[in-house]
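Visitor: Each chain is listed here by its residues.
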Amino acid sequence: MSHRTGLEVSHAAAEAVKLARVEVVAAYPITPNTHVPERIAEMVANGELDAEFIPVESEHSAMSACVGSSAAGARTFTATSGQGLELMHEVMSVASSMRLPIVLSLANRALSSPLSVWGDHSDVMAIRDCGWIQVFAENGQQTFDLLLWAFRVGEDPRVSFPVIVNFDGFHVTHVIEPVFIADQAEVDRYLPPFKPNAVLDPRRPVTMGAYGPPFIYSETKKAQDFALHQAKEVMLQGFAEFEKIFGRKYNFVETYKAEGAKVLLMVIGSFAETAMDLVDKLREKGEAVGLVRIRLWRPFPQEELRQAVRGAETLIVLDRAMCFGTLAPVVSEVKAALYPEEKRPRIVSFVGGLGGRDVRLEEFEYMVKRGIELAQKGQEEAYETIGIR
Amino acid sequence: MEKFSIYAPRLVNPEENFAPGHRACIGCGEVLAVRYALKALGPNVIAANATGCMEIISSCLPTTSWKIPWIHVLFENASAVISGVEAARKVLARRGKIPPGRVFCLAMGGDGATSDIGLQSLSGALERGHDFLYICFDNEAYMNTGVQRSSSTPYGASTTTAPPGKLSIGQWSQKKNMAAIAAAHNIPYVATACSSYPFDLMAKVKKAAEVKGPAYVHVLSVCPTGWRHATDITIQMGRLAVESGIFPLYEVENGRYKLTFDFPKLRPVKQYLKLQGRFRHLKDEEMDKIQKQVDKEWLKLKSLVGMAGEKKPVPVPAQVEGRAQRAERKGQSAKGKAQRAKRQGLKTSGTKTTPTRRPRKKSKKVSRRGKK
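Protein chains in written order, with this note's numbering: chain C, 1 to 389; chain E, 1 to 372.
Simulated from the structure, these hints should not be mistaken for lab results.
Positions of the beta carbon are idealized from the N, C-alpha and C atoms, including for glycine.
Check before you lean on any hint, since a few could be wrong.
What the hints assert, rightly or not - Subject to a maximum C-alpha distance of 20 Å in a straight line, what follows is the list of computed SDA-like cross-link-like pairs (lysine to any residue):
#, chain 1, residue 1, chain 2, residue 2
1, E, K97, C, G311
2, E, K97, C, N197
3, E, K212, E, G255
4, E, K97, C, D156
5, E, K97, C, P157
6, C, K221, E, C60
7, E, K97, C, P202
8, C, K195, E, P100
9, C, K195, E, P99
As the list claims (entries may be wrong) - Which chain E residues stay away from chain C? Per the calculated CB distances, all over 10 Å, these:
#, residue
10, N13
11, W70
12, T145
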């Protein structure tokens, strides 16, 4: 049986990795993800976890070693943040194109410059199109759960894609929370051993990472994108099986008190926790306000999103990153997804919480008020920034 | 063993793990070296290949020349990739998921992938002590992208990014000594080799693979396309490189230097340079400069061999002794002497705006006077 315990979320993530019986971990220190690999290194040093921990000399090498390890058939994990992910960037698309189911826990951090070790989503948004499956956790429990799910789904031979589990730097990583830690037997039931489609092994030699001239490159890319879309079915099975064993339910797009809501707030990541408080408060006052949380970021759940916002008049989207020169990342996906709808809500875009700045309850409250106002008269600017001086 | 040359080839593994039909240039010294290396290693190997000529000529989808498990990821990370492979094999064997026993882990890259963009990942993997062999196939420039300079390009060579011109000799810097950098990691085995000496190359690769821990082999890969010489003299070019001392063959076993071939008299380096279009623009005095540098490096290498192998250092022949060696022998460093002279020069010149050439002359006089 699971037991409920209070621990730092980074350590809960490390517990999930250990329970997944991970075989190789290659990681490089960077705030705020560091407690995850530190705890894993400790587990390996103590003999709690029979794995190889490679303390590489850069994140580029961390992801490269993960590619080698996964290609050699080992269950592979790494963790990073912000600039670390940027240094991995080059290798990220190779990992997904070679269909290597590495799991990466990403403690979201802002990008330099100015240097900021604090949280926002500019790191993951910069690599969103790298072909990895990407999910967002909002708290410690979800981080723990989604890491187990990530191994199961990514390694499924029908999927065979790497997975990023996002959890906000500091706002989630460094918080001590009560978390249900599953026991080994439960995890073993949920997560079968890794049986890859192809492995680097002298007994059956394969060539991996070949070179693709124009006559074949397009076909490889089309096949890859098709496979990523197809993976959604296995992801749902992964959620269903998770609920059966652990009793906690997940979906691509999740709602909170959204039934009959005229105004919907939409967030991604740990914002959801504060947003839920606001929704409770407004619902108590009798206002028809609900919340939509994006769990799955890639492949983007367009159809599920359309269903989730159907019937709403105003949709207020809060992004934790900017896309310089255009719309913020989440709102642009949302607008694209809703464009084919005949009847769609008016969309208002906010950006907030950059570089670790808090977005408080009052600010969420302001956002709803202001959002309704802007929806009626039309938002002229691409987005409004919350709490900016 | 007077018929050794007939007998020796029979000892070579007849198995070809690098299939013919690849797209290498005619006269390529690198594919030859790869073929020999794979003969030496046999089928029990996993290879990680850096981006370069090699994956382009050998792995065009949906074909492959590799009969061994082979992975290409990126330009700069072959060492990190093989680190992951090695770690995975270790834990999988421990958990009983693969049969026990050693599989050679091989990483390979060109000189750019090794001495420039991939130096960090190579250094990391060497330092962490993974059980792997790294082979650098050094053709002395970025040949795959069209002959751009690398840090391994020799002084004076013409490349597309260091072309000779009115203001330039071409490559202005000296070739980076990768084998010495590898040896500085205190790894058990480092060697240099060349495909013009196939038995030596195979013996070294084998030895390197069998060593427990990291090993590094630096192979001079003659490149007619980039060096601009006839395609039928690849083997001769490699031999000239070795016999002129511009690319000496040696091993560093547990820190002990050992020359593979010692020559009582080196061939003039001109013989090697003259055959190549990339050195065509060099004047005689520039070739002499290269000759001096080769002599200096050769002596340095000989002294390393002497230091490790014998109690007494190998005596330095007077006619080729450089200024630095002379100063060192006399117990004063050339650098210290220059600094002293400079100091005295500045004192007498008295002004900071004096042109640089004049105080040097003065300083000589002053120092002479001082000695009196």
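Visitor: Which hints from the list above does the structure break, by number from lowest to highest?
Guide: The structure conflicts with hints 1 and 11, although it agrees with all the remaining ones.
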